Amino acid sequence: MAGLTTALSIATQSLMVQQEALQVATNNIANANTPGYSRQVLDMEENPPVQQGSLWFGTGVNAGQVESIRDQMLQLSIYDGTQQQGNAQAQSTALQQVEAQFSDPTQGIGSDLTAFFNSINQLSTDPTSIPLRQGILTAANNLANDFHSTVAQLDTIQSNLNLNVTQSVSQINQLTTQIAALNGQIAPLQQLGQDAGTLEDQRDELIQQLSQLTNVQVIQSDQGETLATGNGTALVVGTQSFALTTAADAGGMQHVFAQGTDITSTLTGGQLGGVLAVRDQSIPSMLSDLDGLASGLATNFNTAHLKGYDLNGNQGQDFFAPVSGTGAAANFQVSITDPNLIAASSDGSSGSDGNLANLLAVANQKLPSGATPIDDYSNLVFNVGNWSSQAQSQASATQTSLQQLNNQRASVSGVSIDEETTNLIRYQNAYQAAARVISTIDTLTTDLFNITTTG
Amino acid sequence: MRVTDTTMTDTVLSAIWQAQDSEQTALEQLSTGKRVNRPSDDPAAAAEDVLNLSQQAQVDQYTQSTSSLNGLFQTADSALGSAITALNQAVSLGTEAASGTLSASDRQTLAASIQSSLDQVVQLANTSYQGSYIFGGTAVTSAPFSTGASGVTYNGNDGVNQATIADGLSIQTNVPGSQLFMQPGSDVMGSLEQLITAVQSGDSTATSNATTAVSNALSYLSAQQTFYGNAMNEVNNEQTTLNQETTNLQSQENTLVGVDMAQAATEVTQAQTDDQAVLEAAAKVLPMTLLNYLAPGS
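Line by line, the protein sequences are chains A and B.
Following the numbering used here, the numbering of the first sequence begins with 1 at its first residue and continues without gaps.
Following the numbering used here, the numbering of the second sequence begins with 456 at its first residue and continues without gaps.
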């Protein structure tokens, strides 16, 4: 009887354990597509054996713990890959918007420059012609308008990026608050030696989302995970999170502060880093190139224009409004509206075109940048294209490497439907077998009872 | 390696995206005929293209300028041609007047004919092109020659203009009227006035001398006329050069940013085939799990 009772208890426990295993498999299948989910396995353990006489008998199975399968080092690589990808992707997106302003070489500042000097060349065929003189003013105004619209479009992209900074910071703060809260739930479980599985999955997923926004250092400590920005500014310590704040500078650009310190320039990773790089480096550099082109052109052209005489025989005045420094391109303007005032003459006689050669020479005259106006613009197009192309390559390369890391992670932690289906069958078989054991013992017991009552 | 369903779907998705991206690029190149559709497609070529298009526009402008100048030169050339005809006539009239015994009334008739030649020459010297007097030097807004009590006066100046018709190539666009019609020693206007006075006076020696002077002025003006003939040749030659340059620049542009259409079409087909292959593979792989092979309810 003792043997049968033990067997019955072993079988009953087996039924329970197989059911638990089925439940784990079901949970895995249910979460097959949950981002950040790490597959779980039920650790089955043998019960301690008992000695009967000289023999040792096993006493069945019991469920140890449900363990999540994860690789912490891989997870750290994924955070790093994610921040690199976020950075490159943000730069690539912004710079593709920027380069759209420079995509059609038959329009914009470059072709306006050529059209402007061409209109001057045309005047040399008939120096007193009012329509041809008007043509010069029209071409000059087209150039000014395209300077303005290019600057305005760059400004718009810059202020959209600026808005993005504030949004990213608010997302970062939301994530760090959630991570700190999870730290508070995970630490006690870990101190008890338990697997915090699902909670850790959630925290890993949140840190990954945080990495998308900025580069994050993850440090394991007694209080759970400590998170800091790339330069070491604390974001989360144990259950406490530190919110970042933003404040606009005089130019309206949002700066990021951590506990009162401006950390904007140290934020180089993630989407925020990428947005800041385009907002604070690429676009200002382009604007400064445009300013240099506008002010250099205005200065050189005015100098040449002052050497000549207009149709009324008066000495030439400033053709463009003198502009310099920041904002030169935005303020670039034609100062004269009367075509008679174009100083084509070199001697005061109305029909002279002697000064047109001086005006035309400005096209080949070097600006402070060391290049002629059209070369200067061509260099700008090269820079814009080069930045965008680099960011796109970087985005695609980091995407590939992140994909590989994710594949590795999926290989370790991901759910395989085939595997879980196999497990289902395995546990189902074991369950059926255990049930058969119970029914067999039931038959044996009945037999035994029959013997004892009839005999 | 343990391959899971996420790996499978992610890989399939990124393969599909990649194939469609290539397809889109190939289609864009085929539809625009350009390999470089934005600076990042090839930054160096895009920057070169800016310069190339600028040069093309400049060459177009030079071509346009040479056409305008050609019109100007033709007008000037034909005016000088007519003036020379008028001078020839004056020389015949002068020769006739110097030859023999003419009545006072015949001389007056001849003098009047020579006067009308002079008026014609003055009118021709005041020729304008597109509203500008072309023989007044750079004083182009008022008629350079006027006739008064003291005879014909030049009101223009000695200015000459230059026009750029190619990089580093300028051409003189006018000869001042003073040089053409009132050059000391070969003075067209002066010699005609001198001839009229001589014919009227009946002094046959003076008439003969004045006729020689007109004849000299005629040769001189013919020589000056070649300036415009040469200028027309120069702009015509330059137009041929500029056309050639445009062809060269267009071919350079095509090398820089253009696309070989046949190759682009092949690439589109290739990309479509790739895309289709990826999709077919995905359709076979994605629905496959062990469940497909387990009999339902077993």
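Accuracy of the hints is not assured; some may be wrong.
[Claimed, not checked] For lysine to aspartate or glutamate, the following EDC-like pairs were computed, each having C-alpha atoms within a straight-line distance of at most 20 Å: (1) B:LYS739 <-> B:ASP729; (2) B:LYS739 <-> A:ASP347; (3) A:LYS307 <-> A:ASP280; (4) A:LYS307 <-> A:ASP262; (5) B:LYS489 <-> A:ASP104; (6) B:LYS489 <-> B:GLU722; (7) B:LYS739 <-> B:GLU483; (8) A:LYS366 <-> A:ASP112; (9) A:LYS366 <-> B:ASP729.
Simulated from the structure, these hints should not be mistaken for laboratory data.
Since this is a predicted model, take the numbers as computed values, not measurements.
Query - Violated hints, by number in ascending order, as checked against the structure - result: Violated hints (numbers, rising): 2, 3, 4, 7 and 9; every other hint is consistent with the structure.
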